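Throw the hints in and build the complete structure from the sequences for me.
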Amino acid sequence: MSSALMVGIDCSECSDRAIEYAKEQAKISNAKLFVAHVIEWSPFTFSTVQENSERHKRREEELERAHSKIIGPVVDRLKAEGIDVEGLVRHGHVADTLHRLAMENGVTNIILGRQGTSKLKSHVFGSVGSHLVQASECPVTVVP
Amino acid sequence: MSKPRVGITTLICLIASFSAFADMGIDERINLATKPFADAVAGAVFSSFAVAGVQIPFVLVWLIAAAIIFTFYFKFINLRAFKHGFELVRGDYYDPESAGEVTHFQALATALSGTVGLGNIAGVAVAVSLGGPGATFWMILAGFLGMSSKFTECTLGVKYRDELPDGTVSGGPMYYLTKGLAEKGAGFAKLGKLLAVMFAIFCVGGSFGGGNMFQANQSFAQVVNVTGGDTGWLADKGWLFGLIVATLVGLVIMGGIKGIARVTSKIVPFMAVTYVTAGLAIIFMNYSMIPEAIGAIIDGAFTAEGISGGVIGVLFQGFKRAAFSNEAGIGSAAIAHSAVQTNRPVTEGFVALYEPFVDTIVVCTITALVIIITGTWDPSIDPGAGVQLTSTAFESAFSWFPWVLTVAVVLFAFSTMISWSYYGLKAWTFLFGENRFTDITYKLLFLFFVVVGSSMQLGSVIDFSDAMIFAMAFPNLLGCYFLLPVVKKELDEYWADYKSGKLVKTRVS
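In order, the protein sequence lines correspond to chains A and B.
Here our numbering is used: the first residue of the first sequence is 1, the next is one more, and so on.
Here our numbering is used: the first residue of the second sequence is 1, the next is one more, and so on.
Among these hints, one or two may not hold up.
[Stated by the list, open to error] Label pairs and their calculated CB-CB ranges:
#	chain 1	residue 1	chain 2	residue 2	range
1	A	Glu61	B	Ala44	44 to 50 Å
2	B	Phe76	A	Arg114	53 to 59 Å
3	A	Glu62	B	Pro485	51 to 57 Å
4	B	Leu164	A	Gly72	23 to 29 Å
[Claimed, not checked] Just a few of them, taken from the derived set where beta-carbon distance is under 7 Å, the chain A residues facing chain B:
#	residue
5	Glu54
6	His56
7	Arg77
8	Ala80
Don't read these hints as lab results, they were simulated from the structure.
Only a predicted model underlies this, so the values are computations on that prediction, with no experimental measurement involved.
Cβ atoms here follow ideal geometry from the backbone N, Cα and C, with glycine treated the same way.
Encoded structure:
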């Protein structure tokens, strides 16, 4: 059975546990593993003229930084262990984007760490995990 | 020395040198020194001809004629594209692959925070006190027609923008005047270059005038107003207020401390909503007076009893304040909108339609209605001038509002200054080259004018500010006239795609 899994990561420790879990699952079901990082961004924000003129440049820098510092090391490590892995970086609303990427790539299970980088924020606004669990069209696994 | 260190050191020197003059009458001194120059410049730009006993400046006719001609040339694009513009802002045609880039909403919000400023609050008060309620009608009309000018210049701004190798985007009249006209031939290329230089010079002036001094002046006036008026402690300390504001602006534009700008850009929309809500509240609390107010507006627009200059005078005040407030035809908005991510320039033109709509037809009209309904435009009750008048008008309904208005005014002024410091910087570096020295020189000058503006009297400040802003319209619109067929081509192609359903709607409403 060829299926695909996706693990959504940010920079926290929880991601490490999620990655380990995802790796084991990928080995078991011989699935392709997508490692996705979403840079938090909204189309409806307010900025200065200068920021807008530099936005394209910043976006490229952010993507490059995410690839080299966050996704890159993880993908390399997993590849070394023989996993069929692909790294993805996007801007957007984290939960929505992860879901969209999952749907686009035929992912059958989205794996996340339970707690992101901000404890207070997730208490007030709900965490990415809770959003995805409510709205996803495919199974979501939250790794504590 | 690192960049922020240079900035802070220069600021400290600036402040130290000013405090050397810290004695009574500093405001008076600055005012006396600058008035003759301000008056001379204003006189030149507003050279006028007489119609029915009223002096009409050529430049105003120039602006309105362009707005009318563009409206007809594009067959009332301000109505036709209204719905689609809204869809674009809302993100209905948003391409997920472009996530992280500047969206239509962001470009519009940014441009609006630059244009919604003291013109909407103080400028309207000036119009209604000089021209009576009828000025409101002409102001709304000017806003409606101005949408077509904004459409034209913002489409061109995106089409001819410069995308530098490092990824930054630079757009605006200087670019479409040089590149756009060059496409028409060698003779036009020379004209384009000349117009671009003219525009840049006026833009620098505008960034010191309407985008800076006027904002500083009127926000100071409001702060004085709520802290005791003419007898208060702050009354003659405009230079002090100017220094504080200059420091804050300086921290953003020179110190690279984006945090302040980021905070204000979050608060400004909130304040705008508060202002509009309060205005609407006053209007609906007195809903029985709405028909009377509308009657006064229509009446005043066409009969102009008691207003010097008659109907023409009323029309003049209305058009003048609308043009100053929404900057349609001036060209500054084209700079703000040019960074949007799109490969169909005309889409940004549609989005830009909303700028004069929100700025003039919504916000300015609300201010005008509040002033009319509360009766504060009547000069016999001496309500004050400019922002004071608006404050009095709101105060008559909400006694605490002047404080809220003060916060709103200072924030609007601040965000307008930040935007215009960018426009002026682009113009300055266009003229003098882009390097550290030109960068710092302009920014220091900008901060200097913040202090000057806070110290001058309203009359001279307003004349100079108006003059510089309006002067920008001359090269800008001349270039736009020549480039109209270019915009038409973009529009026709896009409209055909839109109507035939080729464009992908990514969000189902």
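Structure-based check of all given hints:
no., hint, verdict
1, A/Glu61 x B/Ala44: 44 to 50 Å, "46 Å, holds"
2, B/Phe76 x A/Arg114: 53 to 59 Å, "56 Å, holds"
3, A/Glu62 x B/Pro485: 51 to 57 Å, "40 Å, violated"
4, B/Leu164 x A/Gly72: 23 to 29 Å, "27 Å, holds"
5, Glu54, "5 Å, holds"
6, His56, "5 Å, holds"
7, Arg77, "26 Å, violated"
8, Ala80, "30 Å, violated"
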